[in-house]
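Asks: Chains as they are written, first to last, in the working numbering: chain D, 1 to 335; chain X, 1 to 105.
If you are wondering where the hints come from, they were derived from the structure by calculation, not from laboratory data. The model shown is predicted, which means the values in this text are computed figures rather than measured ones. Be aware that a few hints might be false.
Said to hold, decoys possible - In the DSSO-like style, the derived pairs of lysine-lysine whose C-alpha atoms are separated by at most 30 Å in a straight line are:
#1 X:Lys5 x D:Lys196
#2 D:Lys106 x X:Lys5
#3 D:Lys112 x D:Lys52
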Amino acid sequence: MGTEEREVVLQAPLTINWAVNNSCNFACRHCYSREDSHDELGQELLLDCLRKAARAGVLSVNFGGGEPLLRRDLLQIASRCRELGLRISMNSNGWLIDAEMAAALKEAGFSKVGISIDSHLPELHDHFRGMPGSHARATEALMHLKHAGISTSISTVICRINCDSIDELVAFARETGAGQLNFHNFKCSGLGLAHKDELDLSPQEWKEFYQRAYAAKRSVSDLDISLDDPIIALLGERDTESMVKGSVCGKLSLNIKSNGDITPCGFIPVVIGNIVTDDLRRVWRESPLLDQMRHKQPTGKCSSCSKYAECLGGCTARALALTGELNAPDPHCWG
Amino acid sequence: MRTVKRNPDVLWREEDEVLAEARQALERGDDDAGELGTSVLFSGGTVLSLNILGTEIWQICQGLSIDEIVAEILTRFEVDEDELRGDVVAFLDDLEQKGFLSYGD
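Please put together the full structure from these sequences, using the hints given.
Replies: Structural data, given as C-alpha cells:
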C-alpha cells in the first residue's frame, strides 16, 4: 500500500522555505543571502502569495530571511497562515526573542523555531556572526521559546570553526533543552563561497566529521541530532525507504526569496519563477531546472559509484556553486 | 482492543491529480491503479507515497481497531477479507515502525 520504492514526482512542494525579508542585524561570515534583493513583498501581497501556496497544496512554510523578526508584521502574517492551514516554523538568530516575543510567536501559531548557533563558545559564535552578545541572546531565546511551549532546534553550520567540537555542541544543546540539533553541511553560496578557503573542510575532513557526528548521534537519546545532507549516503546512513533520494530541493521543497523569486533552494541562485506572477504548480511541474534536478545523471566519479542511487551526486547546490554543473559530483564527496 | 493513533506531527495530503487517475484506472479494472501514489506523508525527514488503498486506510484509521478498519475498507473495495486483513496489519505495522502512527488501547 506504500509505493515508496518508486520515484514519485509530487504535484506541488510539500514545504517552502520563505524569506520574508533580507534585512539582518548580524554579519555572518558564511551568509548566503547578502547579495539577494532587499525588496520585500508588502503584507497583503505576501498573504495573497501564501494563499496561493496553500491552494497549490503546500503544507508547511519555514520563514527565514535575513532575520525574519525584523519584519514588523511577521506575527500577523503567521496568524493568517494558521488560518490557511499551513504549519509554520522559522529560523532566527534569536536576538529579538525575549519572553514576550516567544509568547507572541506561540500565539501566532509557530510550531517550531530554529535558532542559529555555531559554537558552544560565546566569543567564537559572536565573532563568526559579527554581533557581540549574540550567543547569550540566542541561548536565552531557546529558553524563552521552550518556556512558551514552542519546539526548538539549534542550527549549526559546520565549518572550520566548529568541526572538532561535536561533543561540546551536543552537550551545549542538551543544556539548553533544545529538541533538535541540526548540523548543516557548509554551503558554498554567497559569503560562504567568498570565504570558502577559510571555512570549508576537505572531503576527508567531512568524512571524519560525519563519522564522529554519527557516533555522537547514536550515543544520545534525549536530543535528535540531524545530519541530513545527501552526502551522508556515502556512510550508508540515509533512510533508504524514503521516496526521495539525494537532495530534497525541488522534489519536496522550494525556496522563495523576499521579492517573490522562486529558486529550487536557498543556496541555488537560479530563479525559476516568481510567486507573485506565476502559478506555483506550473512552475513546479514545468521548470527545466527542476526537471534536471529530479533526473540527475552521474558524471565523473559518480558514474562508477555504488552509492549514487542513494546519493544522486550529493548536494546539487554545492556542485553548481563550485563547478557550474549540477550533475557534477558533490565537491564534499570523499568517495 | 488496540486502536490506531496517527502521529499529529505527520504532514500529509492527497495528490488530487493522481487520485483522479487512480480512480479511473480502478473503474477500468486496471491493475496499474495500485502503483499510483495518491497521497504523500512526511514526518521526521521521511517521505512516503501511499497508493489508493493505503490512502483510504490512512484517512480512516484514526481511533479505529484493525477489525473496524477492515470492515470499513470492505465496504469500499472488492477484496478478499483475509488477504485484506493481512495487508492492513502489515501496512499499519510498517507505519508504526516509521513513527507515523502508534497503537493505543
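Asks: Compare the distance between the alpha carbons of Lys112 of chain D and Lys52 of chain D with 30 Å, and conclude whether the hinted pair is satisfied.
Replies: Measuring from Cα to Cα gives roughly 23 Å; hence the hint holds.
Asks: Is Lys106 of chain D close enough to Lys5 of chain X, meaning Cα to Cα at most 30 Å?
Replies: holds (25 Å)
Asks: Assess, step by step, whether the Cα of Lys5 of chain X is no farther than 30 Å from the Cα of Lys196 of chain D, and give holds or violated.
Replies: violated (47 Å)
Hint compliance for this structure: hint 1 is the single one not met.
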